[in-house]
Amino acid sequence: MLNRRRFVQQLLIDRGDLLVIPGLGSATYDVAAAGDHPLNFYLWGAMGGTAMIGLGLALARPDRRVVAIPGDGDMLMGLGSLATIGVKQPKNLAIVVLDNAHYGETGMQPSHTAAGADFVAMALACRFREARAVTRIEEAAGVRKLLHAGEGPILVNAKIKPEDVPHVLPLRDGHAIKQRFIAAMNSA
Amino acid sequence: MHSPTNIETSWPDRIYAHFRRVGIRQVGYVPDAGHSRLIALCRDDPQIADVVLTTEEEGVGLVAGAALGGQRAALLMQSSGVGNCINMFTLLRNCGFGCVVLVTMRGEFGEFNPWQVPMGAITQDVLRLSGFLTYRIETADAVDEIVGAGCEMAFSGVQVAILLSQRLIGPKQWTK
Numbered sequence: 001m002l003n004r005r006r007f008v009q010q011l012l013i014d015r016g017d018l019l020v021i022p023g024l025g026s027a028t029y030d031v032a033a034a035g036d037h038p039l040n041f042y043l044w045g046a047m048g049g050t051a052m053i054g055l056g057l058a059l060a061r062p063d064r065r066v067v068a069i070p071g072d073g074d075m076l077m078g079l080g081s082l083a084t085i086g087v088k089q090p091k092n093l094a095i096v097v098l099d100n101a102h103y104g105e106t107g108m109q110p111s112h113t114a115a116g117a118d119f120v121a122m123a124l125a126c127r128f129r130e131a132r133a134v135t136r137i138e139e140a141a142g143v144r145k146l147l148h149a150g151e152g153p154i155l156v157n158a159k160i161k162p163e164d165v166p167h168v169l170p171l172r173d174g175h176a177i178k179q180r181f182i183a184a185m186n187s188a
Numbered sequence: 001m002h003s004p005t006n007i008e009t010s011w012p013d014r015i016y017a018h019f020r021r022v023g024i025r026q027v028g029y030v031p032d033a034g035h036s037r038l039i040a041l042c043r044d045d046p047q048i049a050d051v052v053l054t055t056e057e058e059g060v061g062l063v064a065g066a067a068l069g070g071q072r073a074a075l076l077m078q079s080s081g082v083g084n085c086i087n088m089f090t091l092l093r094n095c096g097f098g099c100v101v102l103v104t105m106r107g108e109f110g111e112f113n114p115w116q117v118p119m120g121a122i123t124q125d126v127l128r129l130s131g132f133l134t135y136r137i138e139t140a141d142a143v144d145e146i147v148g149a150g151c152e153m154a155f156s157g158v159q160v161a162i163l164l165s166q167r168l169i170g171p172k173q174w175t176k
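So the protein sequences, as listed, match chains A and B. The numbering of the first sequence is this note's numbering, which starts it at 1 and goes up by one. The numbering of the second sequence is this note's numbering, which starts it at 1 and goes up by one.
Treat the hints with care, since some could be wrong.
[Stated by the list, open to error] If you want a taste of the chain B side facing chain A, the calculated C-beta under 7 angstroms gives, among others:
hint	residue
1	S36
2	T55
3	E58
4	G61
5	G83
6	A149
[To be verified] Straight-line C-alpha distance at most 16 angstroms; calculated EDC-like pairs for lysine to aspartate or glutamate:
hint	chain 1	residue 1	chain 2	residue 2
7	A	K178	A	D36
8	A	K88	B	D44
9	B	K172	B	E108
10	A	K88	A	E151
11	A	K88	B	D50
12	A	K159	A	E139
[As the list claims (entries may be wrong)] What follows is a set of in silico ranges between Cβ atoms, one per label pair, in the way DEER data are often shown:
hint	chain 1	residue 1	chain 2	residue 2	range
13	A	P166	B	F112	50 to 60 angstroms
14	B	N87	A	P162	19 to 29 angstroms
15	A	V165	B	T90	19 to 29 angstroms
16	B	T90	A	Q89	50 to 60 angstroms
Calculated from the structure, these hints are not laboratory results. Virtual Cβ for every residue (Gly too), placed ideally from N, Cα, C.
Excised from the complex, chain B in its bound form (with noise of 0.2 angstroms):
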């Protein structure tokens, strides 16, 4: 297995070191395999409020009341919770409230499951349509700069999705 230390596997580090630089207090999640090192960190920090949520939607409000309340959210969530949100990702355009979700991809490089790939190959597409700016990271070396990036232009107001590649993450092991 991967050691916490390699840079392939020590992204999600990173993407905790810019929620703490940028001030998120809130961190809505669906659990999710490929976040659960970034999850692990967030419950861990005193700072962070983890909010484990029974389907994605939910933390779209989340951000949204966050917001109301001064403080800073992320959404944690796999490219299948896209497609849960879609209604309420209204929410964020209404009122203009600024907003980064960390979508784990499924359904492409190296998917053993294809009852996966449908909604993974238009999660991309959804986002946008939803108003999000979405951006892709297929490699451990471009996490710092993409994520760092995403969550400024997120608390300016906007609306942004970050898409970390299947190939980033490694696909599910399906071992026995």
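One chain only, chain A, in its complex shape (with noise of 0.2 angstroms):
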């Protein structure tokens, strides 16, 4: 199983104009912690929605890389979502579910991934184009190409360790970080 931090970290070399939402807690921490970046939509609520936010941007944005990356709670929650971006087939959208198969803001309970719930079967039963799960750091550079080469829909599963990390505690403020990613985007 993977290292959450390691792996983003390595998921996020040379991004380029990626464009990365990263879901509430972990997720966002593990963004901001690879390097504080403007074009991070860092979010700190709206649990569940971080697939459909990259479905938004991707529709919005056809000629840009957007990847979408919520914890696995996160992405229970908003399950529908998947068939949602099915109907839709958006070639520029990858999500990556930072998976520990706990819900690591709330005291490290079980989440249904634990036993046994499969988003990659999911994502395919969706008619996402691509679907896979990694556990193994030396698969994160195929992801990386994944992300920026690969035709969506795409899901990735990343079986993380369930282990507790510091805390790295980006930008909050929802206008900040939107009038900044706004702008670099543009400007990019």
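Combine both chains into one complex, guided by the hints.
Structure representation (structure tokens):
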């Protein structure tokens, strides 16, 4: 299983103009830990909505690559959005689920994926073009390639260790995060 | 049945004309009989990405993503769907995403199904408490003005909800 910080850091190497939407909680901290970037739209709430924000952005900007990075709890809350994304078939959207099979923010209670719920099977059933699980850090480079050049919709289920890592807390002001993101996107 | 050119039933066309006028490019919806003509108009328009949702709260994320990408989006839902969105609506307030939501009302004038009444009765208050400016349309002749003004305000960064009363839409037909 993956170390979440190492995996996310490797995912975002040479990210170029990739648009990144991390879900609330540890996903936002992991993306911040990989290096603050104006093209990160950090979420501090809206649990269940991360993938759909990715869809709206991917439809609005077909010329750019978009990756949504929810945790497993966030993805579970928005499972219907896999069906919605499957209908629209956005070629430029990937979802990378950081799946530690636990609700880390609330006391590490086991999540549904601990009991076997399988995002890869769900994504394929919703007509995603590509869906795979990764468990080894050596696979990160392949996933990075997929984010930049694979044909979406793509789902990667990153099996990460359920470990506590130090919180890295980025900007919290939603208006500021949005304005910074839009300004950077329009200048890149 | 009504003729589509009848003033009472052509209000979806006027809403659609405002969507075109203000440049709405994404429309999220959970299918709804009251919105069926407007949904069909949006689906037929290559300039509009129509996004059929499994639940209305998905639409709130869609609107936010569209706005990040520089596109205007609208949501169509039934009053029951408003209740599904409450926590997700905070995304709009937290980040200042403008949004226009068109809500077809159930559970009021002429409603056959009493199970629609509790949500219909609180829909406008829920929207107001969630930070929306709310406008209610009772008659077809008010659609043009209110939807026009609502769309303008929404895309100055305000959350606007327009409630289309059951009296305007007509009660759901329960014939077998």
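Against the structure, the hints:
At its closest, the beta carbon of B/S36 sits 18 angstroms from a beta carbon of chain A; the interface hint therefore is violated under the 7 angstroms criterion. Among the interface hints, the one on B/T55 holds; its C-beta lies about 5 angstroms from the nearest C-beta in chain A, closer than the 7 angstroms criterion. Checking B/E58 against chain A: minimum C-beta separation of about 5 angstroms stays under 7 angstroms; hint holds. Against a cut-off of 7 angstroms between C-beta atoms, the interface hint on B/G61 holds, since the closest Cβ of chain A lies about 3 angstroms away.
Violation of the interface hint for B/G83 is found here, the shortest Cβ-Cβ separation to chain A being roughly 15 angstroms, above the 7 angstroms cut-off. Look at B/A149: its Cβ only gets to about 24 angstroms from chain A, farther than 7 angstroms, so that hint breaks. The hinted pair formed by A/K178 and A/D36 meets the criterion: a straight-line CA distance of about 14 angstroms does not exceed 16 angstroms. About 15 angstroms separates the Cα atoms of A/K88 and B/D44, which keeps this hinted pair within 16 angstroms; it holds.
Between B/K172 and B/E108 the alpha-carbon distance is near 11 angstroms, which keeps this suggested pair within the 16 angstroms criterion. At most 16 angstroms may separate the alpha-carbon atoms for a hinted pair to count; A/K88 and A/E151 meet this at roughly 13 angstroms. The straight-line distance between the Cα atoms of A/K88 and B/D50 is roughly 9 angstroms, inside the 16 angstroms bound, and the hint therefore holds. Of the pairs offered as hints, the one joining A/K159 and A/E139 holds, with about 11 angstroms between alpha carbons and a cut-off of 16 angstroms not exceeded.
Checked against the hint of 50 to 60 angstroms, the C-beta distance between A/P166 and B/F112 comes to roughly 58 angstroms, which is consistent with it. The hinted range of 19 to 29 angstroms is satisfied by B/N87 and A/P162, whose Cβ atoms lie roughly 25 angstroms apart. Remark: the range hint 19 to 29 angstroms for A/V165 to B/T90 is upheld by a beta-carbon distance near 27 angstroms. Our hint of 50 to 60 angstroms for B/T90 and A/Q89 is violated, since their Cβ atoms are close to 29 angstroms apart.
Of the numbered hints given earlier, the model fails hints 1, 5, 6 and 16; all others are met.
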